[in-house]
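J.: Sequence:
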Amino acid sequence: MSPLLTSGPVYLIDASIYIFRAHFSPYVECHDENGKDLSALYGFMSFLFQFMRRVQPSHVAIAHDASLFCGFRHKLCGNYKSNRELPDENLEIQLTGCSEFCSIIGLASFVSKVYEGDDIIGTIANRVRAESDCDVHIISRDKDLVQLLQKEADCLWDYGNNRKRFRANVVDEFGISPEQFPDYLGLSGDSVDCISGIPGVGPVKAKELLNRFSSLEAIYGNLDKVRDLPIRGAGRLTELLREHCELAKLSKVLATIICNVEDPEESFGHVVLEELKPERMNKGLFGDFLKNYKFRTRDRERLMTLAHRVSKQ
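The sequence shown begins at 1 in the working numbering and counts up by one.
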């Protein structure tokens with residue numbers, strides 16, 4: 001059977017990036033009628049309405065992240081993302097609201113306590129590619145997601161800064177292919193997510209190794225050859241690789257996005273392309289939603305105006 005054609009790219013949105021950007025931004029300020037902060041929810045809704053009006057996607061999915069300290073990666077490594085803090089009660093309420101909001105305005109929205117938003121995006125991308133020839137545009141500023149770019153037209157779009165990374169940009173920026181990104185982080189580590197990598201092996205040496213060997217496994221399969229490479233400190237590098245073999249392999253596992261989740265309890269693991277078509281917004285339910293969260297009249301009116309503009313398209 002020939003692949004289905006889509007009228008445009010499939011857009012996969014990393015919700016957490018835009019929720020927390022609004023939460024910490026000094027330029028986004030919103031409180032409910034009782035003075036409780038609603039900036040994260042307000043900012044995310046404003047972003048998503050703006051995105052929908054500007055892009056008018058034929059297919060879109062939103063990936064939320066609720067796996068901090070309870071996902072499968074934390075069971076593998078207790079130090080993973082240990083520099084983060086769990087959201088307080090108020091922010092937790094807003095995170096729930098962001099997920100509710102997506103469903104109310106007719107967008108496919110997914111969340112998991114086991115898998116991260118990146119895994120949701122990776123699995124959905126894998127599934128839609130299996131039934132269509134669509135390009136995949138990932139809306140996030142998280143560089144780890146470049147490993148999901150398969151076609152030349154696929155991109156990682158940092159929407160806030162209007163910067164798009166295509167496969168060619170990844171090669172220019174990091175000196176490796178997108179597929180090698182987990183290997184790259186397995187070697188050099190990632191301080192943002194507390195992935196250690198190999199101590200003493202930074203981005204430069206990681207790139208040099210991956211330019212000569214295709215993967216972390218290939219490096220360890222040819223470890224005796226590393227000492228003879230024209231790399232400064234090749235002897236010491238060989239010893240570091242040998243000493244920290246298990247740490248490198250664990251770091252790669254932590255950095256690898258899961259693209260084949262099939263757990264029947266995870267709805268994103270069996271989603272089909274048709275389910276990613278935006279549905280008509282129920283403005284009555286949206287109005288009730290704003291009242292339930294006690295948005296002030298001014299903010300409620302602005303959000304209803306944004307909703308009306310999107311629903312008219």
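Take these hints with a grain of salt, some might be off.
[As the list claims (entries may be wrong)] The list that follows gives simulated cross-link-like pairs (lysine-lysine, DSS-like), each with its CA atoms no further than 25 Å apart:
| id | residue 1 | residue 2 |
| --- | --- | --- |
| 1 | LYS207 | LYS143 |
| 2 | LYS277 | LYS312 |
| 3 | LYS207 | LYS151 |
| 4 | LYS81 | LYS249 |
| 5 | LYS81 | LYS151 |
| 6 | LYS75 | LYS113 |
| 7 | LYS291 | LYS36 |
| 8 | LYS143 | LYS249 |
| 9 | LYS207 | LYS225 |
| 10 | LYS294 | LYS283 |
| 11 | LYS205 | LYS225 |
| 12 | LYS164 | LYS143 |
| 13 | LYS291 | LYS312 |
| 14 | LYS164 | LYS113 |
| 15 | LYS36 | LYS75 |
| 16 | LYS143 | LYS205 |
| 17 | LYS36 | LYS294 |
| 18 | LYS283 | LYS249 |
| 19 | LYS113 | LYS81 |
| 20 | LYS113 | LYS143 |
| 21 | LYS291 | LYS225 |
| 22 | LYS164 | LYS151 |
Calculated from the structure, these hints are not laboratory results. Computed from a prediction, not measured in an experiment: that's the story for all the values here.
J.: Each hint should be assessed against the structure and marked as holding or not.
T.: Evaluated hints:
The straight-line distance between the Cα atoms of LYS207 and LYS143 is roughly 16 Å, inside the 25 Å bound, and the hint therefore holds. Only pairs whose Cα atoms come within 25 Å are accepted, and LYS277 paired with LYS312 is accepted, the gap being roughly 16 Å. Among the hinted pairs, LYS207 with LYS151 is consistent with the structure: their alpha-carbon atoms are about 22 Å apart, no more than 25 Å. Straight-line distance between C-alpha atoms of LYS81 and LYS249 comes to about 17 Å, which keeps the hinted pair within the 25 Å bound.
For the hint linking LYS81 to LYS151, the alpha-carbon distance of about 30 Å lies beyond 25 Å, and the restraint is violated. Restraint check for LYS75 and LYS113: the C-alpha separation of about 12 Å stays at or below 25 Å, so the hint holds. Annotation: proposed proximity of LYS291 to LYS36 holds, straight-line Cα distance about 14 Å (limit 25 Å). About 20 Å separates the Cα atoms of LYS143 and LYS249, which keeps this hinted pair within 25 Å; it holds.
In summary, the hint linking LYS207 to LYS225 is supported, as the alpha carbons are separated by about 16 Å, within the 25 Å threshold. Note on LYS294 and LYS283: the hinted pairing holds, with a Cα-Cα distance of about 16 Å set against a maximum of 25 Å. The straight-line distance between the Cα atoms of LYS205 and LYS225 is roughly 15 Å, inside the 25 Å bound, and the hint therefore holds. Distance check on the hinted pair: LYS164 and LYS143 sit about 11 Å apart at the alpha-carbon level, within 25 Å; holds.
Restraint check for LYS291 and LYS312: the C-alpha separation of about 22 Å stays at or below 25 Å, so the hint holds. Taken as a hint, the LYS164 and LYS113 pair is broken in the structure, with Cα atoms around 29 Å apart against an allowance of 25 Å. With a C-alpha separation of about 35 Å, the suggested pair LYS36 and LYS75 falls outside the 25 Å cut-off, and the hint is violated. Taken as a hint, the LYS143 and LYS205 pair is honoured in the structure, with Cα atoms around 19 Å apart against an allowance of 25 Å.
Taken as a hint, the LYS36 and LYS294 pair is honoured in the structure, with Cα atoms around 9 Å apart against an allowance of 25 Å. Restraint check for LYS283 and LYS249: not satisfied, since their Cα atoms lie roughly 50 Å apart, outside the 25 Å limit. Among the hinted pairs, LYS113 with LYS81 is consistent with the structure: their alpha-carbon atoms are about 15 Å apart, no more than 25 Å. Our distance criterion of 25 Å between C-alpha atoms is met by LYS113 and LYS143, whose separation comes to about 22 Å.
As the CA atoms of LYS291 and LYS225 are separated by approximately 66 Å, the hinted pair breaks the 25 Å bound. This hinted pair checks out: LYS164 and LYS151 have alpha carbons roughly 14 Å apart, not beyond 25 Å.
Hint compliance for this structure: hints 5, 14, 15, 18, 21 are not met, and every other hint is.
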